[in-house]
Each structure stands twice: as structure tokens, then as C-alpha cells.
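For the sequence shown, position 104 matches number 104 in the UniProt record's numbering, and the numbering has no gaps at all.
Be aware that one or more of the hints could be misleading.
Unchecked claim - With a cut-off of at most 25 Å between alpha-carbon atoms, the simulated DSS-like pairs for lysine-lysine come out as follows:
id	residue 1	residue 2
1	Lys4	Lys69
2	Lys151	Lys121
3	Lys69	Lys47
Simulated from the structure, these hints should not be mistaken for lab results.
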Amino acid sequence: MIIKSAEFVCSNTRIDKLPPPTIPEYAFIGRSNVGKSSLINALTQHKGLAKTSQTPGKTQLINHFLVNKEWFLVDLPGYGYAKTSKTNRSEWEKFIKKYLFNRENLQCVFVLIDSRLTPQKNDLDFCCLLGEKGIPFILIFTKADKQSKIKSEHNIELFRKALLTWFEEVPPHILTSSETRNGCDEVLGLIDEVNQRFTV
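From just these sequences and the hints, can you work out the full model?
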């Protein structure tokens, strides 16, 4: 897939204010500071599209971006650590779940996981939540450039094994780097395939 355009559409916490569900939509989510905004910028080849920050928990809204005027890329708030109150975090969780469970044109959730880490409970819990609700998802392991491929593959295998205690089959995974754009074409290729089959 060649990215010809990528533009910000809206930010909000209200499901009823989202764009009409007439084109395919793909959500990106992960632990705070997993490198989500950097990966979105690398995918779209648009350096300032998603706001990056050294502060975990920066994304606090559902952000919609229109790509190639054909599909939505959705940047969701990170789960896990964030410098905010428990009340705020609880509110985020409510609207994220409401979005994930009710958005009719949502085709797939890309769950971002830091490839440098061994399996983390909140990543596993989130994958299990998607599995329980029958929401299709793909594992995107980030920050491949930060360590050797052998170390990344070791952590990926540990994560897959951990998921197999809940799942009969583990969803596909892609190892990515926002610095080198490693894996970006693979992610876009998957989106392109699903787009071809999308009907309103």
C-alpha cells in the first residue's frame, strides 16, 4: 500500500461523536510509552501526525486519522501506567471498551507490545479481553531496533506461549521499528487485504 495522504479528523471520548462508520477502521493500542505514536507516524510516513511524547499516557482521547481517503487509523489511549488519577483512568477504560465493543466498522485491533520486555500482565489481560469478545487482533511488537533480533524473537515466543494458556491459536504477529520502518509494509499490506473485502 502506498500512503498518498493522512490527515487528522477528530479527537473525542464520545462514541456518538465518531465519524460515520462507512469505511474500514483499524485501532492501535498498547501500554503507555510502547511507541504507538512513533509507529503511526512511521506507517503513514507523516512525521507529526500522531503526537509523540516522553511522558507515558499522553494520548487520552480517541484520535481518528483518515488515510488515503479510504480508511481510518484510530489512535487509542494507552493502558497501564499513566500520570493521572484512578478516576480518570477508569473513565478511559470505560470509553475504550465502549468503542471496541460497539464500533461496527472496526476491522482489526493492532495490539502494540514492547519487544524488549518479557510478557506483561496487562498486555496479556488486554489480549484475553479481545479474545473473549471475539474482536480480531494482531500483535505488533515494537522497538525492534533497540536490541538484537534474537532477544526480540525470544520475548515474542514467551508472549505467544503465555497466550496459548488462554487461546487455542495465537493471532499473527509482526516485529516493527518506527526508526527503520521495519514491519511497516507488512502492517499496511494486512490493512490493504482487509480493505479489499470491506462492505458497508
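Results of checking the hints against the structure:
no. : hint            : result
1   : Lys4 - Lys69    : holds, 9 Å
2   : Lys151 - Lys121 : holds, 19 Å
3   : Lys69 - Lys47   : holds, 18 Å
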